[in-house]
Amino acid sequence: MPLCAACSPTSETSASPQDDANKMPGHWLLAKLGKRVLRPGGLQLTRFMLEHLDIQTRDDVVEFAPGLGVTARLTLEKRPSSYTAVERDETAAATVRRHLSGARQRCHLGTAEQTGLPDQSATVVYGEAMLTMQGAEQKRRIVGEAFRLLKPGGRYGIHEMSFTPDDLPKVVQEDISREMSRNIHVGARPLSASEWRDLLQSVGFRIASETSAPMDLLEPGRLFRDEGFLGALRFVAKVLRSPEARSRVLSMRRIFRKHRRHLAAISLVAVKP
Numbered sequence: 001m002p003l004c005a006a007c008s009p010t011s012e013t014s015a016s017p018q019d020d021a022n023k024m025p026g027h028w029l030l031a032k033l034g035k036r037v038l039r040p041g042g043l044q045l046t047r048f049m050l051e052h053l054d055i056q057t058r059d060d061v062v063e064f065a066p067g068l069g070v071t072a073r074l075t076l077e078k079r080p081s082s083y084t085a086v087e088r089d090e091t092a093a094a095t096v097r098r099h100l101s102g103a104r105q106r107c108h109l110g111t112a113e114q115t116g117l118p119d120q121s122a123t124v125v126y127g128e129a130m131l132t133m134q135g136a137e138q139k140r141r142i143v144g145e146a147f148r149l150l151k152p153g154g155r156y157g158i159h160e161m162s163f164t165p166d167d168l169p170k171v172v173q174e175d176i177s178r179e180m181s182r183n184i185h186v187g188a189r190p191l192s193a194s195e196w197r198d199l200l201q202s203v204g205f206r207i208a209s210e211t212s213a214p215m216d217l218l219e220p221g222r223l224f225r226d227e228g229f230l231g232a233l234r235f236v237a238k239v240l241r242s243p244e245a246r247s248r249v250l251s252m253r254r255i256f257r258k259h260r261r262h263l264a265a266i267s268l269v270a271v272k273p
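So for the sequence shown, the numbering used here puts the first residue at 1; every next one is plus one.
Note that these hints are calculated values from the structure, not bench results. One or more of the hints may lead you astray.
Said to hold, decoys possible - Derived BS3-like pairs (lysine-lysine); straight-line CA-CA distance at most 30 Å:
#, residue 1, residue 2
1, Lys170, Lys258
2, Lys23, Lys170
3, Lys78, Lys151
Note that the structure is a prediction, hence the values are computed from the model and not measured.
Assemble the whole structure, with the sequences as input and the hints as a guide.
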């Protein structure tokens, strides 16, 4: 979701946490405060996605909107044949490039719905927490672009926010989306699990695997699991030093807790026939 969104926070991290803390998108604020893992299901769902994408040394991998590069580093540990990040912001791209080496690892300037990369040039494509912030047509264009890039048999992974249960009334979904968008200062448009499946299937994908996790991005247990002991302590210390940042972080956590019965994180891996 936007707390790790397609627009990378990396270009914003030069200012202090107090700068516009009441106005900036929530994921930018969390990144400024030192939070590295901004995906809704944390490292747990990222690792599920990567496990089921089954990246091998023969694979050509494309990542949409790598953000801070946490998943990129995990992918590069698998030594794929090639890795291409697609990032729309040059400053963010420069951050990602610091993790890359060699001619077959690059960060390409482009958008997820129009990458400019060749047809059937990848065997693995994935993106995390960037579809949730898009409207319905934009979601479909991005998923369609992933389908276009993949060779037959290629795998596509997503890690997003979802509504639960599947039959949650639309009016409730819309109310939660509006409240979250106002709170985190960026659009939040999750889908239910069945709607995420339908979206992938609508462009031709076959669902291969799926899992979900609680939406507990800002809960203490998740914070320590994702950031490590020292990383979590550094984050908390920065939050405590800035009254404005502390107010925003606590406000975001209140929203997630208020709607915890109806919010979850989800990861799906699909295959292009």
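So, going through the hints one by one against the coordinates:
For the hint pairing Lys170 with Lys258, the CA-to-CA distance comes to about 18 Å; that is within 30 Å, so the pair holds. Taken as a hint, the Lys23 and Lys170 pair is honoured in the structure, with Cα atoms around 28 Å apart against an allowance of 30 Å. Taking the CA atoms of Lys78 and Lys151, the gap is near 20 Å; set against the 30 Å cutoff, the hint holds.
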